[in-house]
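S.K.: Each chain, written out:
There are 2 protein chains.
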Amino acid sequence: MKIVVDAFGGDNAPEEIVEGVKLALNKIKNLEIILCGNEEMLRNMIVGYESRIEIINADEIIKNEDHPTLAIRQKKNSSLVKAFDALKEREDVIGLVSAGSTGAILAGAIMKIGRIKGISRPALAPILPTKKESDVIIIDSGANVDCKPINLLHFALMGSAYYSIIYNCDNPKVALLNNGSEEGKGNELTKETYSLLKNAPINFIGNKEGGDFMTGEVDVMVADGFAGNALLKGTEGAVMAVMSILKHSIKSHFWSKIGYLFMKKTFKDIKNRVDILSKHAGSPLLGCKKLVVKNHGSCKRNNICSSIEQTVVLNEKKLINKIESALLNLNLEISNED
Amino acid sequence: MKIVVDAFGGDNAPEEIVEGVKLALNKIKNLEIILCGNEEMLRNMIVGYESRIEIINADEIIKNEDHPTLAIRQKKNSSLVKAFDALKEREDVIGLVSAGSTGAILAGAIMKIGRIKGISRPALAPILPTKKESDVIIIDSGANVDCKPINLLHFALMGSAYYSIIYNCDNPKVALLNNGSEEGKGNELTKETYSLLKNAPINFIGNKEGGDFMTGEVDVMVADGFAGNALLKGTEGAVMAVMSILKHSIKSHFWSKIGYLFMKKTFKDIKNRVDILSKHAGSPLLGCKKLVVKNHGSCKRNNICSSIEQTVVLNEKKLINKIESALLNLNLEISNED
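Those sequence lines, one after another, are chains A and B. The numbers in the numbering used here rise by one with no breaks, and the one at position 189 of the first sequence is 189. With positions in the second sequence counted from 1, the corresponding number in the numbering used here is that position plus 338.
Keep in mind that the hints were calculated from the coordinates and are not lab data. C-beta atoms are modelled at their ideal positions from N, C-alpha and C, and glycine is treated no differently. Please note that the accuracy of each hint is not assured.
List time: in silico EDC-like cross-link candidates among lysine to aspartate or glutamate, alpha-carbon distance up to 20 Å [said to hold, decoys possible]:
hint	chain 1	residue 1	chain 2	residue 2
1	B	401	B	473
2	B	585	A	65
3	A	317	A	32
4	A	247	B	403
5	A	257	B	607
6	B	638	B	357
7	A	2	A	60
8	A	191	B	574
9	A	191	B	403
10	A	148	B	357
11	B	585	A	32
12	A	247	B	607
13	B	523	A	192
Computed beta-carbon distance windows for the label pairs [unchecked claim]:
hint	chain 1	residue 1	chain 2	residue 2	range
14	B	414	A	297	56 to 66 Å
15	B	427	A	182	30 to 40 Å
16	B	472	A	63	32 to 42 Å
17	A	148	B	539	30 to 40 Å
18	B	544	A	257	18 to 28 Å
19	B	544	A	74	23 to 33 Å
20	B	544	A	248	53 to 63 Å
21	A	73	B	593	19 to 29 Å
22	A	315	B	539	55 to 65 Å
23	B	640	A	181	20 to 30 Å
24	A	111	B	472	43 to 53 Å
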């Protein structure tokens with residue numbers, strides 16, 4: 001089983017990327033990795049793993065400032081384009097992992113790999129913790145702005161298929177992000193989307209507000225990429241702000257420092273729960289013909305390892321086939337209604 | 339100085355509303371209040387304050403389920419419509435405070451009081467804490483969806499005027515909520531809005547993401563009401579989720595409970611900082627010809643008292659005149675450019 005990894009995407013490349021690859025190789029027996037990037041540098045970093053890592057030389061790097069489409073077209077010798085070429089051309093490569101520019105990954109996926117038939121907009125669906133035991137995903141989290149209702153319907157189907165695989169659950173609760181919970185609330189986009197979701201073959205629980213995101217009531221929150229991004233980033237920012245206020249406050253009182261010693265386990269618990277944000281930093285680009293998993297630019301070795309493990313699971317559980325058949329069911333239902 | 343209060347708006351009406359009025363009367367010497375609602379009930383509740391409270395009888399109540407515009411037109415004997423009538427007809431009434439339906443307050447303000455010339459969409463601008471000492475406002479937080487760039491420009495001007503009054507600061511930092519910080523990022527709305535804000539007579543610091551909301555870098559976050567609502571509610575929800583995870587975790591470990599005793603002051607600090615959410619629950623409807631301050635439906639007496647105090651300050655510091663002249667400056671600049 002082969003996965004191709006963009007060794008020069010992200011703020012901590014190539015060190016953290018390569019170390020993440022090694023962690024994954026240690027964990028997964030039959031895994032092999034293709035690393036794309038400067039061969040000379042990489043050669044020195046993979047000592048002891050040569051038999052399971054293939055290197056494809058790539059001397060260019062796509063940066064966040066680069067125009068996504070132009071970069072994919074022009075930087076043919078970049079680590080990301082080389083990785084996409086390998087994913088496209090080699091049948092034994094099951095997926096691609098990169099922590100590079102989101103725009104370039106999206107552009108590369110569409111231009112090099114292509115979309116599942118019927119899906120016009122692939123979407124990102126990161127995972128967040130809730131205050132209960134369950135997690136929640138948001139789709140789309142920023143790849144697509146100015147969406148149409150049909151795009152949001154596809155996000156709902158793809159998100160539901162993805163969630164049901166990663167959490168082994170049959171009917172994830174799908175909600176539409178809105179500025180009010182009643183039917184009829186919302187902007188033009190969400191009002192039209194509501195009726196599409198109501199009739200779709202998913203467990204649609206209606207409109208939910210941003211405040212319901214972390215309550216555990218919702219498994220899959222559907223939104224256009226603009227509002228979804230505001231919700232995702234706002235939530236992450238608020239969690240970090242509260243932790244920062246907490247830390248600052250503990251440091252400024254003598255008794256709190258003493259108390260902290262007693263509460264270490266509690267804080268570790270919280271840190272673990274919140275760390276899911278970074279542990280699951282990987283998010284597949286749902287709607288592509290092959291698995292493309294994007295990591296946060298600031299990700300570390302553990303995130304890369306998790307993303308590789310995730311790619312393996314999504315491949316085993318046939319995510320792409322599931323999305324294709326969800327879409328087929330939808331089209332059948334629509335044509336039956338006609 | 340007279341303020342009219344809708345005694346029957348909100349989940350905790352009329353008790354908490356009337357108690358909040360009493361708190362404000364105790365604090366502010368030359369204040370007088372007009373209470374709108376069932377006279378018989380209210381009469382029994384204001385014993386000792388009769389000389390400073392006038393009651394206008396109103397037997398109907400506008401509910402959240404009521405259609406806003408229809409409710410204002412048809413429920414002429416409701417506490418909210420009577421309050422708007424008093425604000426409209428009496429020159430000595432400087433403002434209105436209500437914890438009733440947001441939609442009905444917005445509709446009533448537009449239909450009964452009218453908008454400042456040039457402003458097509460009045461907006462709400464609630465306050466949130468940041469992880470530094472400063473607070474941040476978001477405008478619009480949900481009153482207006484499907485906005486045009488000119489609406490967001492007005493939000494920026496009004497938000498800047500409002501922030502500079504309540505925090506006594508000359509050049510509040512105004513940012514545009516976006517899904518990326520670089521110029522050129524965003525959806526159609528924010529791309530067009532960016533150039534308007536860049537040339538406006540405000541301290542525009544560019545695009546900011548949801549994650550920058552609570553960092554203290556931004557004073558006034560400008561957004562359409564849909565994305566603004568997602569950010570606001572998501573942030574509030576995340577803060578509550580973290581506090582809930584914390585509480586749950588403390589309860590489940592023996593040593594944490596001991597540690598909690600040492601850390602009481604720290605937790606109180608945090609609670610105070612987070613409570614600003616509820617303390618400042620009042621948000622003026624910016625862009626109306628007179629002061630209309632909306633409270634959260636679940637608000638308590640302290641929130642009502644704060645809102646009344648806020649109305650007094652906004653009146654003294656001439657918020658409405660400030661917005662009018664900001665708009666005038668803008669129009670002058672635009673016509674000079676022509």
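S.K.: Compare the structure with the hints numbered earlier in the document and write down the numbers of the violated ones, lowest to highest.
M.R.: Hints 1, 2, 4, 7, 8, 10, 11, 13, 18, 20 and 21 are the ones this structure does not satisfy, whereas the remaining hints hold.
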